[in-house]
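Enquirer: Residues per chain are reported as follows:
Protein chains: 2
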Amino acid sequence: MSTPTMKESEVDVLIIGAGPAGLMACNALARNGIKVRIIDQRSEKVAAGHADGIQPRTLEIFQSYGLADALFKDGAQLHTAAFYNPSSNGGIELTDRVPDVTAPTARYPFELTLHQGEIESIFLNSLRKFNIEVSRPVVPTSIKIIEEKVNDPSANAVQVVLQHNDGDQELEIVNTKYVIGADGAHSWVRKTLDIPMIGEQTNYIWGVVDLTPDTDFPDIRNRTAIHSNNGSCMIIPREGDKVRLYIQLDDKSGLITSTGRVDKQKATPELLLEIARKTLHPYTIQTPEVFEWWTIYIIGQRVASKFSVQERVFIVGDACHTHSPKAGQGMNASMGDSHNLAWKLAHVIKGSATKSLLHTYELERKKYAQDLIDFDKKFASLFSGKPRTEEHQDGVSHTEFLKIFQTFGGFTSGIGIHYADSIITQSQSQSTALNLKIGERLLPQVFMRAADTRPVEIQDLCPSDGRFKILVFMGNTSQKTVLERAHSVAEELGSLLSKFANGNVFLLFDILSISSAKKADVRYNHLPFLLRSHWSKALIDDTDATGKKGGDGYQSYGIDEMGGAVVIVRPDGYIGTIVPLDGISNVGSYFNSFIETE
Amino acid sequence: MSTPTMKESEVDVLIIGAGPAGLMACNALARNGIKVRIIDQRSEKVAAGHADGIQPRTLEIFQSYGLADALFKDGAQLHTAAFYNPSSNGGIELTDRVPDVTAPTARYPFELTLHQGEIESIFLNSLRKFNIEVSRPVVPTSIKIIEEKVNDPSANAVQVVLQHNDGDQELEIVNTKYVIGADGAHSWVRKTLDIPMIGEQTNYIWGVVDLTPDTDFPDIRNRTAIHSNNGSCMIIPREGDKVRLYIQLDDKSGLITSTGRVDKQKATPELLLEIARKTLHPYTIQTPEVFEWWTIYIIGQRVASKFSVQERVFIVGDACHTHSPKAGQGMNASMGDSHNLAWKLAHVIKGSATKSLLHTYELERKKYAQDLIDFDKKFASLFSGKPRTEEHQDGVSHTEFLKIFQTFGGFTSGIGIHYADSIITQSQSQSTALNLKIGERLLPQVFMRAADTRPVEIQDLCPSDGRFKILVFMGNTSQKTVLERAHSVAEELGSLLSKFANGNVFLLFDILSISSAKKADVRYNHLPFLLRSHWSKALIDDTDATGKKGGDGYQSYGIDEMGGAVVIVRPDGYIGTIVPLDGISNVGSYFNSFIETE
Numbered sequence: 001m002s003t004p005t006m007k008e009s010e011v012d013v014l015i016i017g018a019g020p021a022g023l024m025a026c027n028a029l030a031r032n033g034i035k036v037r038i039i040d041q042r043s044e045k046v047a048a049g050h051a052d053g054i055q056p057r058t059l060e061i062f063q064s065y066g067l068a069d070a071l072f073k074d075g076a077q078l079h080t081a082a083f084y085n086p087s088s089n090g091g092i093e094l095t096d097r098v099p100d101v102t103a104p105t106a107r108y109p110f111e112l113t114l115h116q117g118e119i120e121s122i123f124l125n126s127l128r129k130f131n132i133e134v135s136r137p138v139v140p141t142s143i144k145i146i147e148e149k150v151n152d153p154s155a156n157a158v159q160v161v162l163q164h165n166d167g168d169q170e171l172e173i174v175n176t177k178y179v180i181g182a183d184g185a186h187s188w189v190r191k192t193l194d195i196p197m198i199g200e201q202t203n204y205i206w207g208v209v210d211l212t213p214d215t216d217f218p219d220i221r222n223r224t225a226i227h228s229n230n231g232s233c234m235i236i237p238r239e240g241d242k243v244r245l246y247i248q249l250d251d252k253s254g255l256i257t258s259t260g261r262v263d264k265q266k267a268t269p270e271l272l273l274e275i276a277r278k279t280l281h282p283y284t285i286q287t288p289e290v291f292e293w294w295t296i297y298i299i300g301q302r303v304a305s306k307f308s309v310q311e312r313v314f315i316v317g318d319a320c321h322t323h324s325p326k327a328g329q330g331m332n333a334s335m336g337d338s339h340n341l342a343w344k345l346a347h348v349i350k351g352s353a354t355k356s357l358l359h360t361y362e363l364e365r366k367k368y369a370q371d372l373i374d375f376d377k378k379f380a381s382l383f384s385g386k387p388r389t390e391e392h393q394d395g396v397s398h399t400e401f402l403k404i405f406q407t408f409g410g411f412t413s414g415i416g417i418h419y420a421d422s423i424i425t426q427s428q429s430q431s432t433a434l435n436l437k438i439g440e441r442l443l444p445q446v447f448m449r450a451a452d453t454r455p456v457e458i459q460d461l462c463p464s465d466g467r468f469k470i471l472v473f474m475g476n477t478s479q480k481t482v483l484e485r486a487h488s489v490a491e492e493l494g495s496l497l498s499k500f501a502n503g504n505v506f507l508l509f510d511i512l513s514i515s516s517a518k519k520a521d522v523r524y525n526h527l528p529f530l531l532r533s534h535w536s537k538a539l540i541d542d543t544d545a546t547g548k549k550g551g552d553g554y555q556s557y558g559i560d561e562m563g564g565a566v567v568i569v570r571p572d573g574y575i576g577t578i579v580p581l582d583g584i585s586n587v588g589s590y591f592n593s594f595i596e597t598e
Numbered sequence: 001m002s003t004p005t006m007k008e009s010e011v012d013v014l015i016i017g018a019g020p021a022g023l024m025a026c027n028a029l030a031r032n033g034i035k036v037r038i039i040d041q042r043s044e045k046v047a048a049g050h051a052d053g054i055q056p057r058t059l060e061i062f063q064s065y066g067l068a069d070a071l072f073k074d075g076a077q078l079h080t081a082a083f084y085n086p087s088s089n090g091g092i093e094l095t096d097r098v099p100d101v102t103a104p105t106a107r108y109p110f111e112l113t114l115h116q117g118e119i120e121s122i123f124l125n126s127l128r129k130f131n132i133e134v135s136r137p138v139v140p141t142s143i144k145i146i147e148e149k150v151n152d153p154s155a156n157a158v159q160v161v162l163q164h165n166d167g168d169q170e171l172e173i174v175n176t177k178y179v180i181g182a183d184g185a186h187s188w189v190r191k192t193l194d195i196p197m198i199g200e201q202t203n204y205i206w207g208v209v210d211l212t213p214d215t216d217f218p219d220i221r222n223r224t225a226i227h228s229n230n231g232s233c234m235i236i237p238r239e240g241d242k243v244r245l246y247i248q249l250d251d252k253s254g255l256i257t258s259t260g261r262v263d264k265q266k267a268t269p270e271l272l273l274e275i276a277r278k279t280l281h282p283y284t285i286q287t288p289e290v291f292e293w294w295t296i297y298i299i300g301q302r303v304a305s306k307f308s309v310q311e312r313v314f315i316v317g318d319a320c321h322t323h324s325p326k327a328g329q330g331m332n333a334s335m336g337d338s339h340n341l342a343w344k345l346a347h348v349i350k351g352s353a354t355k356s357l358l359h360t361y362e363l364e365r366k367k368y369a370q371d372l373i374d375f376d377k378k379f380a381s382l383f384s385g386k387p388r389t390e391e392h393q394d395g396v397s398h399t400e401f402l403k404i405f406q407t408f409g410g411f412t413s414g415i416g417i418h419y420a421d422s423i424i425t426q427s428q429s430q431s432t433a434l435n436l437k438i439g440e441r442l443l444p445q446v447f448m449r450a451a452d453t454r455p456v457e458i459q460d461l462c463p464s465d466g467r468f469k470i471l472v473f474m475g476n477t478s479q480k481t482v483l484e485r486a487h488s489v490a491e492e493l494g495s496l497l498s499k500f501a502n503g504n505v506f507l508l509f510d511i512l513s514i515s516s517a518k519k520a521d522v523r524y525n526h527l528p529f530l531l532r533s534h535w536s537k538a539l540i541d542d543t544d545a546t547g548k549k550g551g552d553g554y555q556s557y558g559i560d561e562m563g564g565a566v567v568i569v570r571p572d573g574y575i576g577t578i579v580p581l582d583g584i585s586n587v588g589s590y591f592n593s594f595i596e597t598e
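Which chain is which? The protein sequence lines are A and B, in order. Quick note, the first sequence lines up with residues 1 to 598 if you use this note's numbering. Quick note, the second sequence lines up with residues 1 to 598 if you use this note's numbering.
One or more of the hints may lead you astray.
Only pairs whose alpha carbons sit at most 25 Å apart, straight line, appear in this in silico DMTMM-like list of lysine to aspartate or glutamate [stated by the list, open to error]: (1) A:K73 - B:D74; (2) A:K191 - A:E147; (3) A:K548 - B:D96.
Negatives, chain B to chain A, calculated, CB over 12 Å [to be verified]: (4) L78; (5) K129; (6) I145; (7) T202; (8) T215; (9) Y283; (10) N586.
Simulated from the structure, these hints should not be mistaken for laboratory data. Just so it is clear, CB atoms sit at the ideal spot from N, CA and C, and this is done for glycine as well.
Same shape as in the complex, but just chain A (with noise of 0.2 Å):
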């Protein structure tokens, strides 16, 4: 029991820790309509540096949430990936340009940088129309699983204490349903829940430093990668006329000690940039009025051993793995974790699924973490390596560079994630729709508003609200018996799906449907109801008006116009099954298995 005089309060999820992933989490819980709360240790958000990259598929994630205008406004966009390599007279010189994303599917074909503090913004900006604030600066004090209590999902099984340090230190108690620790690498929650880090440090050691460079390198505004005689460097363009530098540090630099630690009293924002002068030359670059932003880090590879303590608190972000900023993995990372947990925690606290849903977060999150560890050591390794020259045969070529690059480019790019098997990922009738992968998320694809014949991206009209997206590809409904299909499909699928949500289909399930009949001839109001619920519900694959966009979403899909499809999309916009029209009833096993039933 709590002393007479602490403050006691309740909330269904209480967020430790506003930085991206924190805060991703929150927005998330938010705009599903849970109760949440987020704390952070910090009086302000971050002012300058820290993380900056934004890949592909975060910026689809963003886009789902309706944030990522917002990052388009100011955020630098990375086309082209440059690299040098020595050349013949002892300097660099331009070895090739090649795109910077691999990612052929990928709708927003760049990476994005936005310094930390902007990305905060974003989210706290959104959350304030949730009329929600960050209580700071808050810490936790302790944290307390209530055995008896982990069982009844209704119940406030966790219990935490936090100390307000805005002045007279006030403690206060706070019951909750779950906790997502999202506290960074120093996790005091995966501290105090005792789950250890697995993976070690590796013997890498790099400089960064931010500034609006004065220089003649030509490719000052690429992602550039130097391998030079004299030491490795990575060139990030940033937002306005900024630059990231990230410089190799080794033996000559002077900050390493004897004992393979960096001398962090020697360094300075001058010193590092007189290394980079090195590898840049005959290049030259000049020392600016000001560094906005600098530091020094060991590389450190490492996943947490477990990702939640009896699925009532979580880690996310930093919290549970840590990898090279180079890969421009790290808050991609983390906030792909807050993505992937936020509709899971939504819809076992609204009791629309069961328990079961949460344990496939840390089966999908962990697996992934570790593949990007395996992923970073390899290209940390290569990227820290020397250049092959004349005298290092044995050093890294520029192809070997670039092969891993391009090899990685899904991976890095967030595109290609791909989530195993498990009760909401249930790879059945792949044949059905060849394209779109059960495990990877829904393909970006324009098709036409039947209605208005106006181009719309399919993604955006499968935001994150929580909801499972049903697209039914009926076939070319301007014929006579695939109408009738579609009618008795639609009949089959409404009377499965009313067994859920009490009937109240569109709380729980989104319905698009997309015919292959053609602009000139299409009457939308022809489909049954379930079907075009709004007329804008309604899609055909064609052409827009000017015959430019759309038309191939059929074929790109690799769905038989003859034969069609439904396509489950879970609400983070990943393939949860697909269904052949002749197997409808597979929708309701596929949701009967994480679902519950009046």
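We have chain A; now place chain B onto it with these hints.
Expert: Chain B alone, transformed into the frame defined by chain A:
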């Protein structure tokens, strides 16, 4: 002299009327840093109904002020025009569906509809950033042009007395350099200054109702023209689920008096819908619980005999031209007037241009207004005419109607506007950039930024910021001789432009360079400073990293890669003149004809 009790104030431009035309002018002037004030007799902005069609060129103009996103957010888009005609069984049937916009170069290939109040809100929000609010309810009571001051550009040559209708009817004297009368079809400014309207009323009488329809009509979300044996009707989809119906009224409607006037007493929206119902048969439409708005009008097609008095008082919008709403031109022509006038006023007020610049407003816009009315007469007569049937062999056939609809596509979209030769539109060297028509708007085209391969729409690099845009097409600067030519062109151009704006070239001019070098080998920093005053100003004509965007700019503009070209774009986005690289001195003669030199 004023009486001692009267408040007296001073402003550079006083705008009378805060509808779309007045607000467009106000926003444009404020953005150009001009001291401007706007008054309106209404105590609030328009709440419903009124004009609501935004044409493709108007969308481009909004985008040039950074205001298009707000339109796209809520506006309905009209991509398809459908045509219904009498069917063999006494009702109507679908005859054809065609693209609603017939203007292949339109950046936005659709019309947009949005309630006039929302459009006014977009401007009002923008004006708040300049700390400008509409003074309302305020009416002008007298206007006086002070003859002896007219020729002194810096003098407040106009005196307007205002009456504040929000309390004690306070009077105020405003001393101003210029007045813009944007006070609608019954313009007080026009009447007070005795400017006659030329033209006449037609016999075409139309009813308008706004409603959210419950109907089985398949083209209710398309722009649909219905010619039935029971009258004509035009459907214009609007934002959300709303629709506007234009309904032809004839003698049978019971709403026309024996003298051919509308009997407004008898009219109700229910009655109008009842007439529409006969036209729509066999399709049905339910009577809604509420009609959002409705009206009845007689088409008047008139143009003011002049658009200014001594180039000190100007009239814009409905104050100087009225036409039928179904051609969807009203608001577009009105805002187009203001867009044309504002930058000219700004330059003259700032002293950078000679007063002769103002003369081009009437020259350009009066001709356009007259053309519009000529078109409108044809269109209104065809649309009001009987459909051709067995009995009516002299009726209007679909083929005939469609031909007019499409022939005038360039015109009705606003894309085809072509300003005649004048000091600011100098037809010379058209063959140097064959497809950039001098006097027409700059064709949209995607180029890549040389430094970071980011695709950019050239129209977005030519915002309505008051500056002339000088586009220098240099050819392939990866070739040494071509690069050398770029250096000498830049030198000549720089020395020539420095004669204007006291040598502060970038105050008056924005310079963009477009090389035909390829992304693989371009070196943006080899260009002379004038052609890359910021790294983002250097463009290349190549595809983006994915190969999907851009890459055909020289060709689509009709510019020879070897020859190059300099294209001068006026601050309103229209091509001012074209100059070959070996005739740079013509850039000087162009600006010398109206820009002040010190």
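Enquirer: Now, for every hint given, state plainly whether the structure supports it.
Expert: Hints, verified against the model:
1. Under the criterion of a C-alpha separation no larger than 25 Å, the hint pairing K73 of chain A with D74 of chain B is consistent with the structure, at around 19 Å.
2. Under the criterion of a C-alpha separation no larger than 25 Å, the hint pairing K191 of chain A with E147 of chain A is consistent with the structure, at around 19 Å.
3. About 20 Å separates the Cα atoms of K548 of chain A and D96 of chain B, which keeps this hinted pair within 25 Å; it holds.
4. Chain A draws L78 of chain B into its interface by the beta-carbon criterion, the shortest separation being 7 Å against a cut-off of 12 Å.
5. Residue-level check passed: K129 of chain B sits 15 Å from the nearest beta carbon of chain A, beyond 12 Å.
6. A cut-off of 12 Å between C-beta atoms confirms that I145 of chain B is not in contact with chain A; the least separation is 45 Å.
7. Residue placement check: T202 of chain B keeps its beta carbon more than 12 Å from all beta carbons of chain A (closest about 31 Å).
8. At roughly 9 Å, the least C-beta separation between T215 of chain B and chain A is not larger than 12 Å, which violates its mark as non-interface.
9. Some Cβ of chain A comes within 12 Å of the Cβ of Y283 of chain B; the nearest lies about 10 Å off, and the non-interface call is violated.
10. Taking the minimum C-beta to C-beta distance to chain A, about 33 Å, the non-interface status of N586 of chain B holds against the 12 Å cut.
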